[in-house]
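Asks: The chain contents come next:
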Amino acid sequence: MSAWRKLKYLLPSYRHSEERDMQEELESLAAIAGRRELGNLTLAAENARTVWGWAWLDGIMADLRYAVRVLARQPSFTVVAAVSLALAIGANAAIFSLMDAVLWRDLPVREPERLVLLDRNSLSYLAYSRFAQNAGSAMEGVFAWYSNASRRLDAGGGAQRGTVELVSGSYFPTLGLRTQLGRGILPEDDLRSQPAQVALLSHAYWQRAFGGDRGVVGRPIWVERARFTVVGVAPPEFFGLEVGSVPDVWIPLSTFGSVFSGPNYLDHSSNNFLYVAGRLKPGVNAAQAEAALTPILIQIDIERNGPPATEAARKELLQSKVTLTPASKGLSWLRRRFSKPLRVVFLMVAVGLLLACVNVMGLQFARAGGRQRELAIRMALGASRWRIMRQLVTESAIVAAASGALGLAMFRPAANALASLIGVGGGQTARLVLPLDGTMLWFVAGVSMAAALVSGLLPAWRATRRSLAVGVPQQSQSMTAPPQRRLAGRVAVSVQIALSLVLVAATCLFAFSLQQLRRFDSGVRRERLLVVDVDSNDGGYKDASLVALDARVRGRLAAVPGVAAVSYSQIGVYSGRTSGDAIEADGYQSRNPRDHQAVFDQVGPRFFSTLGTRLIAGRDFEENDTPSAPKVAIISQEFARHFFAGRNPVGLSFSTWDKQLYRVIGVTGDVRHYSREKPERWFYLCELQSQKRTPFFSTRFVVRARSARVVNAAGLRAAILAEDKALRIDEVATADELFDRTVDEDRLIETLAWGFGVLAMVLAAVGLYGLLSYEVTRRTGEIGIRMAVGAQKGDIMRLVLREVALVAGIGFAVGAAGSAALARMAEGLVFGIQAGDPRVELAAAAILAVVVVSAAWLPARRAALTDPMSALRNE
Amino acid sequence: MDLIQGTLEMLVLRTLVFGPLHGYGIAKAIRSSSNEALAIEFGSLYPALKRLELKGLIACKWETSEHNRRAKYYRLTSAGRKQLMEERSKWAEFVNVVSLVMGPNPGEV
Chain A
1 MSAWRKLKYL LPSYRHSEER DMQEELESLA AIAGRRELGN LTLAAENART
51 VWGWAWLDGI MADLRYAVRV LARQPSFTVV AAVSLALAIG ANAAIFSLMD
101 AVLWRDLPVR EPERLVLLDR NSLSYLAYSR FAQNAGSAME GVFAWYSNAS
151 RRLDAGGGAQ RGTVELVSGS YFPTLGLRTQ LGRGILPEDD LRSQPAQVAL
201 LSHAYWQRAF GGDRGVVGRP IWVERARFTV VGVAPPEFFG LEVGSVPDVW
251 IPLSTFGSVF SGPNYLDHSS NNFLYVAGRL KPGVNAAQAE AALTPILIQI
301 DIERNGPPAT EAARKELLQS KVTLTPASKG LSWLRRRFSK PLRVVFLMVA
351 VGLLLACVNV MGLQFARAGG RQRELAIRMA LGASRWRIMR QLVTESAIVA
401 AASGALGLAM FRPAANALAS LIGVGGGQTA RLVLPLDGTM LWFVAGVSMA
451 AALVSGLLPA WRATRRSLAV GVPQQSQSMT APPQRRLAGR VAVSVQIALS
501 LVLVAATCLF AFSLQQLRRF DSGVRRERLL VVDVDSNDGG YKDASLVALD
551 ARVRGRLAAV PGVAAVSYSQ IGVYSGRTSG DAIEADGYQS RNPRDHQAVF
601 DQVGPRFFST LGTRLIAGRD FEENDTPSAP KVAIISQEFA RHFFAGRNPV
651 GLSFSTWDKQ LYRVIGVTGD VRHYSREKPE RWFYLCELQS QKRTPFFSTR
701 FVVRARSARV VNAAGLRAAI LAEDKALRID EVATADELFD RTVDEDRLIE
751 TLAWGFGVLA MVLAAVGLYG LLSYEVTRRT GEIGIRMAVG AQKGDIMRLV
801 LREVALVAGI GFAVGAAGSA ALARMAEGLV FGIQAGDPRV ELAAAAILAV
851 VVVSAAWLPA RRAALTDPMS ALRNE
Chain B
1 MDLIQGTLEM LVLRTLVFGP LHGYGIAKAI RSSSNEALAI EFGSLYPALK
51 RLELKGLIAC KWETSEHNRR AKYYRLTSAG RKQLMEERSK WAEFVNVVSL
101 VMGPNPGEV
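Chains as they are written, first to last, in the numbering used here: chain A, 1 to 875; chain B, 1 to 109.
Source of the hints: derived by calculation from the structure; they are not laboratory data.
Even glycine gets a Cβ: it sits at the ideal position worked out from N, Cα and C.
One thing to keep in mind: the hints can contain errors.
Said to hold, decoys possible - Not the full set, but computed from the structure, chain B residues with beta-carbon under 10 Å of chain A:
{"no.": "1", "residue": "Phe18"}
{"no.": "2", "residue": "Pro20"}
{"no.": "3", "residue": "Gly23"}
{"no.": "4", "residue": "Lys28"}
{"no.": "5", "residue": "Phe42"}
{"no.": "6", "residue": "Tyr46"}
{"no.": "7", "residue": "Pro47"}
{"no.": "8", "residue": "Ala48"}
{"no.": "9", "residue": "Leu49"}
{"no.": "10", "residue": "His67"}
{"no.": "11", "residue": "Ala71"}
{"no.": "12", "residue": "Lys72"}
{"no.": "13", "residue": "Ser78"}
{"no.": "14", "residue": "Trp91"}
{"no.": "15", "residue": "Glu93"}
{"no.": "16", "residue": "Leu100"}
Claimed, not checked - The list that follows gives simulated cross-link-like pairs (lysine-lysine, DSSO-like), each with its CA atoms no further than 27 Å apart:
{"no.": "17", "chain 1": "A", "residue 1": "Lys281", "chain 2": "A", "residue 2": "Lys315"}
{"no.": "18", "chain 1": "A", "residue 1": "Lys281", "chain 2": "A", "residue 2": "Lys340"}
{"no.": "19", "chain 1": "B", "residue 1": "Lys55", "chain 2": "A", "residue 2": "Lys8"}
{"no.": "20", "chain 1": "B", "residue 1": "Lys28", "chain 2": "A", "residue 2": "Lys8"}
{"no.": "21", "chain 1": "B", "residue 1": "Lys55", "chain 2": "B", "residue 2": "Lys28"}
{"no.": "22", "chain 1": "A", "residue 1": "Lys8", "chain 2": "B", "residue 2": "Lys61"}
{"no.": "23", "chain 1": "B", "residue 1": "Lys55", "chain 2": "A", "residue 2": "Lys329"}
{"no.": "24", "chain 1": "A", "residue 1": "Lys340", "chain 2": "A", "residue 2": "Lys678"}
{"no.": "25", "chain 1": "B", "residue 1": "Lys72", "chain 2": "B", "residue 2": "Lys61"}
{"no.": "26", "chain 1": "A", "residue 1": "Lys725", "chain 2": "A", "residue 2": "Lys542"}
{"no.": "27", "chain 1": "B", "residue 1": "Lys61", "chain 2": "B", "residue 2": "Lys82"}
{"no.": "28", "chain 1": "A", "residue 1": "Lys329", "chain 2": "A", "residue 2": "Lys340"}
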């Protein structure tokens, strides 16, 4: 009741009428009793107003109004401070949001903490079915999905590439997802006997392809050549279970055959292509569930491979075990790969924010110097120190609030730009959901207020510390500035330089690392090498016809002017693709199936000479390695070391999983597909000898140009389309571009480090210039006297610069220690350079020294040009 | 004589039991009923009125006085009456307890 009445006083109109009423009452009483009798009526009224309880609000409003006036009178300070804080706050918000999406956020489904992944690796459809049928004792539900298949999508407006995720009927019910529109895919849609051609759209695809039309349910959409009916739209925050990708469309797993030509994986117990996850029953823990699921795993193995033949195999089979992985945050190799880079970048951004705060703090020190007279007068008039500090901090708070608002405005573009730096391989960037939600608003508000306190409290405390006596007479402020105030300014400069050095050193470190990476020898000569990706799916090519097509296209590309050599492959280089097989090699034995694993590629003739990869022994594939010739293979150095240790592999043989025997004709140097990769056990088969060539992978042609810039993409495209109009050219890129994409983490850090390094230098320059100008202005009188008694211009400049050098020196020393700490964190993120390399420190110090000297030069010159007469007259 | 903290509001409520009064009237009434021992400063009485009004213990209305002057008259609300009863019993208890502790006047023993 009382609180409600009090709230009414917040209304200005109510307060005005109450105020009038009170004045009237007091006047009427004065008329009755006489003023003397009643005493100090103003005080009575003032005390009555405090009863209404909003005096503090009035005070704050007055502070705010006054602060806005003060700030408006000093637009240059206000703009510099607000913009530099806004840049830092926006960057912090963007990084925070990215870290939240990649590292911390739970899946937007019902009780995500009960979700577990059944196996880190993919499983077969058979395995999924058995788990789904028999896991009821431990699991509330088991579901599977086949992720991110790139397929042709047509929503009625023309075909485009899109990503399709095939999900089991149990997927949406087990996750407990609420759709935005319509329904999810249900178990009855996913019957093998009767696949329902229904599709759930992602929110983004719905917006993109249907313009967010709410009447989309029931409309048709084509996936490849099959017609599906839209049954619903997923909520915007749902991206499936894989962080970093958002499928465009979800369709039932049972429709696999209608969207993929070639073998239907659902019928093959050997194709491990599904991720399988489930929801634990309430009260069942992961260990209990593992125990319950392991017999099912063993049954699956027996169903697939038959009962174990030997006692040893039986024992080994009994050792197998289901390993559950918590999946509450979804699956994310992004998390593994980017968690450290993101942390380092976050640290840099935080240092950037601190720098911006110190920068504003320095400007505040300088500004407070110019306001001594005003503050002293206000204190002399009876304002308490606390009251004036509150006023000054209010000014900082306004600046910080403005920066927070600006930072929020920058959030969307900054977050999107950051997300686009996170690559997921194959030239694709991560698709992350980065909402501007309550968490972000709280984060920005918190950071802004912290910035206000950090940048405003100390200067306010300093500014109000002076006694009245010093301020009001105000004769010669420049000569008698108390030493502690000058100390504060100097400390601000030192801290600024130290923080800048940390950022600039980090920038140098990452720039140097990336330069080393670009020079990295991956086993392929990248210069003048182009990669052309050709998809022949629409032409209906398969097996022999596809093998023949690849050879014909190779011939056409070789005829394009300026082309020196052409070959092709399925995996190729830097493509992000991989394909594995189990190997039995002459004279190699191991019980562990992992030891038999190798990766392989089917390539065209003269593949290695086209790539410029070194052949250590033997020969390259030739045009006459045809099906009638003996089956041959080329192996990598690592393959040779692993399977044929110590022997000359050329002439030896190995067999693949399908028992086909290959004779080794050559050994190549190791090709690394990304910089930090360990050499893998590669073997290469000649596609010309292949009977089976599924159109699963498109063909990646590699084209070596005679000289730079002679071969243009248009010529290559025309040559390919001349073969068949139905061929689709998905990508034409230089090997350098492709290689650059493999260094995503480095690219992320490098780009950000550059951004923040430059920002740091700009902030440092602005802040130093401001502080030093202030110092010089304050010492105008002193300088005037020095010049009057015979100091030369050079002496004055030396005087100013010497002081800067001292302060800067301290900053450099502290900064060097700080950047050494940051460098230790960056260990393992940099390539080809030790994190604590002194060259990096020196380069950073040199760059920053240039900035400091230029920032100091102008004020020093101004000091030297002081006219002694006018300087002294001002006193 | 100084007032114990918080008793001013109780006195105001008590004074208004006899009927509505304006601000100055309340001050005068307290003074006369205390045999001039309590000279309440108007500067502290007035905020106390506002506090009571905010709590809903008293209400006010503009009226014309016996000398044909307009003034704001305060009266007890039912909530104020209840509050006064409570305060009175609390006060009685307080006086009892304190006199128990203090005992008879030492000079009389």
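Asks: Give a verdict on every hint.
Replies: Here's how the hints hold up against the structure:
1. Phe18: Status violated, d = 19 Å.
2. Pro20: violated (14 Å)
3. Gly23: holds (5 Å)
4. Lys28: holds (8 Å)
5. Phe42: Given a least distance of 4 Å, the restraint on Phe42(B) holds.
6. Tyr46: Given a least distance of 4 Å, the restraint on Tyr46(B) holds.
7. Pro47: holds (4 Å)
8. Ala48: holds (9 Å)
9. Leu49: holds (8 Å)
10. His67: Hint holds; His67(B) Cβ to chain A Cβ min 8 Å, cut 10 Å.
11. Ala71: holds (5 Å)
12. Lys72: Holds. Min distance 5 Å.
13. Ser78: violated (13 Å)
14. Trp91: violated (22 Å)
15. Glu93: violated (25 Å)
16. Leu100: Violated. Min distance 35 Å.
17. Lys281(A) <-> Lys315(A): violated (31 Å)
18. Lys281(A) <-> Lys340(A): The given pair, whose Cα atoms are some 34 Å apart, is violated under the 27 Å limit.
19. Lys55(B) <-> Lys8(A): Status holds; Cα separation ~13 Å.
20. Lys28(B) <-> Lys8(A): violated (32 Å)
21. Lys55(B) <-> Lys28(B): Holds - the C-alpha atoms of Lys28(B) and Lys55(B) are around 23 Å apart, at most 27 Å.
22. Lys8(A) <-> Lys61(B): holds (19 Å)
23. Lys55(B) <-> Lys329(A): violated (52 Å)
24. Lys340(A) <-> Lys678(A): holds (20 Å)
25. Lys72(B) <-> Lys61(B): Between Lys72(B) and Lys61(B) the Cα gap is close to 5 Å, so the pair holds against 27 Å.
26. Lys725(A) <-> Lys542(A): holds (17 Å)
27. Lys61(B) <-> Lys82(B): holds (21 Å)
28. Lys329(A) <-> Lys340(A): Holds: Lys329(A) and Lys340(A) sit about 17 Å apart, inside 27 Å.
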